[in-house]
Amino acid sequence: MPEYLSTLDVILQSIARFWPSWAAIVVVLGLGWGFRHKLGLMGRLYGSPVGMVGAIIVLFWVFTAIFADSIAVMDAAQASFTPGIKKAPPGVIDAPNGVAMLWGGDNISRDIFSRVVWGSRIVLIIAPAATAVAYMVGITLGLPAGYFRGRWDTVLSFLANLILAFPVILLFYLLVTPEIRTPVYYDLGLFTVPFSIPIGIAGLFFLFPIIFLCALWVTRFAHAKARLYRYLFVTIAVGGWVYLGLVFGMKGTPFQLEPNELNVFAAVVLGSSPGVFRIVRGLTMDIATRDYVAAAQTRGERAWYIMLWEILPNARGPLIVDACLRIGYTTILLGTLGFFGLGLSPDSPDWGSMINHGRPYIRLFSTIHLSLFPAIALMSLVLGLNLLADGLREESLKD
Amino acid sequence: MLTFILRRLGVMVLTMLCLTFIVFYLVNLDPNLEKIAKTQGNVRMTDEQVESWLEKNGYREPLLTRYGDWVVHFVQGDMGDSFRMQKPVEEELGKRLGYTGVLMFWVMATMVPLALVIGVLAGMREGSKTDRTLSVFAIVSTSAPEYVTGIVFTVIFSSSLGWLKGVAKVGDISFYNFTLPVMTMTMYGMGYIARMTRASMVEAMASQYVRTARLKGVSFKWIVLKHALRNALIAPFTVIMLQFPWLLTGVVIVEAMFNYKGFGWLLIRAAENNDIDLLLGCSVVAVAVVLVTQLISDIGYAVLNPRIRVQ
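One line per chain: the protein sequences are H and F, in this order.
Start counting at 1 in the first sequence, then tack on 865, and there's your number in our numbering.
To convert, note that position 87 of the second sequence is 74 in our numbering; the numbers rise steadily by one, no gaps.
Keep in mind that the hints are not guaranteed to be accurate.
To be verified - If you want the footprint, here are the derived chain H segments under chain F, 3+ residues with CB under 8 Å: (1) 1199 to 1205; (2) 1234 to 1248.
Claimed, not checked - No more than 27 Å apart at the CA atoms, straight line, and that leaves these computed lysine-lysine pairs for DSSO-like: (3) F:Lys213 - H:Lys952; (4) F:Lys156 - H:Lys1263; (5) F:Lys213 - F:Lys116; (6) F:Lys116 - F:Lys208; (7) F:Lys74 - F:Lys43; (8) F:Lys74 - F:Lys22.
Simulated from the structure, these hints should not be mistaken for lab results.
Treat the numbers as computed from the prediction; the structure is a model and nothing was measured.
By construction, the Cβ of each residue, glycine as well, lies at the ideal position given by its N, Cα and C atoms.
Here chain F stands alone, though its shape is the one from the complex:
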């Protein structure tokens, strides 16, 4: 187990280096650098002036040297400065991640229980009317990306009924302010988890131990709660973990839509302004989220399911 985790960590570091290098390469392409020079210095600079500006600010050193510098600084805990925000990257990033964390907490707190309940209810009796209805509902929810549900919900609850606010302020955790973004993100992610839960519940209900319990005369409620549920929840755990990276795209869309100034909003600002250090910081966070959740889901799967033995 320990070697498995160590090897996975090694691959993670390698992935991280590759991806940050790709980002580093793309943001340092000539047209991008020219844009930086013109926004930082003077918009009407001539080509020679741009060149000398880049030379002076160290943008003309070999790419690998500069990337190496960035990595060394990063390891020492210095992620550079955001020229757009006029602040150290780690400070800005920490603040925005906090806001997004609050949003994510509420999304998870509504999405996971809801999806599990729907999945278990549907998978409990395969082919029943409840199953059909809930399954179709789950498909509908996976078919509506955040920018569709966001608009439909805003139209219904904000523009016509006026019950909720169409924009979400950071730091104001109230029903009025927070429901629309949370609801929007919950809708899209929920269907997928619910379908996985249903599939694994159906499998558990068809297994030998459930049949034995049934033949022993155990009540249906008890079979579901005591025998099937535990085994059925292993697969959804993996899916919920793998849902995090998916939510990342959702966060960006929802934060852009409701003007919630969190991590997703920051990422877009960084990308639009080619704010090199900030963009690198954002990509490190985004990639780390994906990789760490993958690792947790693998380890968790092995721990929860003794039948899987990691080599």
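If we strip away everything but chain H, and leave its shape as in the complex, we get:
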């Protein structure tokens, strides 16, 4: 029979193992306190206890994701072969190497603590990245819709409402089935290009960050041609390189995604872009009536300059708050995908999949830890983001 740590030891060691996260939080908060008058909205967060608690929780998970290598004691897929350690309750000690599985072992003797830590990395890469792409899509389409109104607005709003009316869960089931995600290869002479519906969606949506950045430079540096061309060249070269890797999985590019990773990413971006579109459109319609916009129009500024450099910066308050909430919502969506077994590969340590795998074991009290710990992790991250958003909203309303 394996030996166990006492409950108190489990709690203390769990706290101790996260030491890189705690240290980093202290450093960041200390530095932030020193510069709080120069940080704007973020600096004012120090005055809001709720926002502060949220920020600490979010920072905790961010640093856990960053320092996952030194926090996790085992690899995500590494199983122990000691007998009796399968589904063992929290605090079990793996006799041969003396490693304590603080949060217990799962049904194939993997360390749940390490898997939750590794899972934070997956969640904290996909959720913010998908939200960022959704934001670029929503901003690039929402600004002109709210500014020009008219026919474009009608069409885009209809499309947004169409996607929003689609039950998320059904959308995921239809998009993430293996039959749909297997790419078909098309030979275009020089290269073969893989294509599937998720690749199509990703191909469309990942264009927007490049378009957005180019639009920013074109409107800003219209009079400094040399600088404009330099910026455009860098954006298109780097953006295009990353784009080819992300969407078509081209070799030699920095980021390549597995077909099911791309699939999850595309589904999540598709699901959250319409919401961003609606919020940006509403804010634009509101801000477009302000005096400084009228002043810019009288100066003869171009429409896109006004949208990107007059309206957008003035909409940042509500957008930052919404972004926090949306990252949380995306985390929940990712979890939902994992819960239905639609997400990443079956043994990936993302929290949704872990919850799904532990689900058959929650009826028995001795094996509840399989899904309880990832569930608590997921909830705490979302809670942190929501508290942070609430604090930011309260502080930004004080003006």
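Please arrange chain F on chain H, whose structure you already have, making use of the hints.
Frame of chain H, contents of chain F only:
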């Protein structure tokens, strides 16, 4: 008002057609059809046999013709047959919707009053201790999706204490059987409604008419009940209506988790088996729920709030 409703209905029908066509297109992609052929016919069919099977059963006609057929049949009240359940879709769908309706009724009956009470108590005195505590509680409840609260509740009330059952049977409406799914769904939806109610209550309490009432010396209880509450409940009405589509995802998760064989359970069975007609039927219901509640919330908002005039 009438033209507004008519135009909205027109947009609804158009949305419905677009979305069902998307579903129709996706379920009729080649790999999906091949899967159907193999589950319906023989698993070891060769490619030619699959092709001839699809040809024979009419899957190879042009997509638009088949979609048109489906729409015509649907309008006539025939939603096709589910090959998994071996039953007409409308029969199966009606039965499962009934089960989910019962669940939804109890969720609404606990969630709405609870959320309104929390929101009103919190918004009554902005910034007070009650407000802070209840607001944080509301945030916590919106942060815990059904698959988290479901697991935590099951662990507490079923696995360790043994007070409640961890699975829910259809048709057995007892406290022992029904509490966990209802509680799980209530938790997630409640926080959002409570926060909306609080915001609108805070606004009402800061308004001129409440100040006038206060200056007249009306008691605090009377101000809240008589003056603020009525005006404060307009916004939550919209939110509660818009909550329905949100609950749909929740229904699917909760029914999968507690093995409650209702609409959500059916939807997953349909999607997993690519049961074309059943899946189309489910999507029609799901989309209709979203669109109809949107319409009701818009109309209700206009009726409740005379300051909004619909153009």
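Results for each hint:
Only when three residues or more bring their CB closer than 8 Å to a CB of chain F does the claim for the stretch 1199 to 1205 of chain H stand; here the count is 4, and the claim holds. Using a Cβ-Cβ cut-off of 8 Å, 8 residues of the stretch 1234 to 1248 of chain H lie near chain F, which meets the minimum of three, so the contact claim holds. The hinted pair formed by lysine 213 of chain F and lysine 952 of chain H fails the criterion: a straight-line CA distance of about 58 Å is larger than 27 Å. Of the pairs offered as hints, the one joining lysine 156 of chain F and lysine 1263 of chain H is violated, with about 51 Å between alpha carbons and a cut-off of 27 Å exceeded.
Using a Cα cut-off of 27 Å, the hinted pair lysine 213 of chain F and lysine 116 of chain F holds, with the two alpha carbons roughly 24 Å apart. Of the supplied pair hints, the one linking lysine 116 of chain F and lysine 208 of chain F holds, its CA atoms being roughly 18 Å apart against a limit of 27 Å. For the given pair, lysine 74 of chain F sits about 21 Å from lysine 43 of chain F by alpha-carbon distance, which is consistent with the 27 Å threshold. Annotation: proposed proximity of lysine 74 of chain F to lysine 22 of chain F holds, straight-line Cα distance about 20 Å (limit 27 Å).
In this structure, the earlier hints numbered 3, 4 are contradicted, and the remaining ones agree with it.
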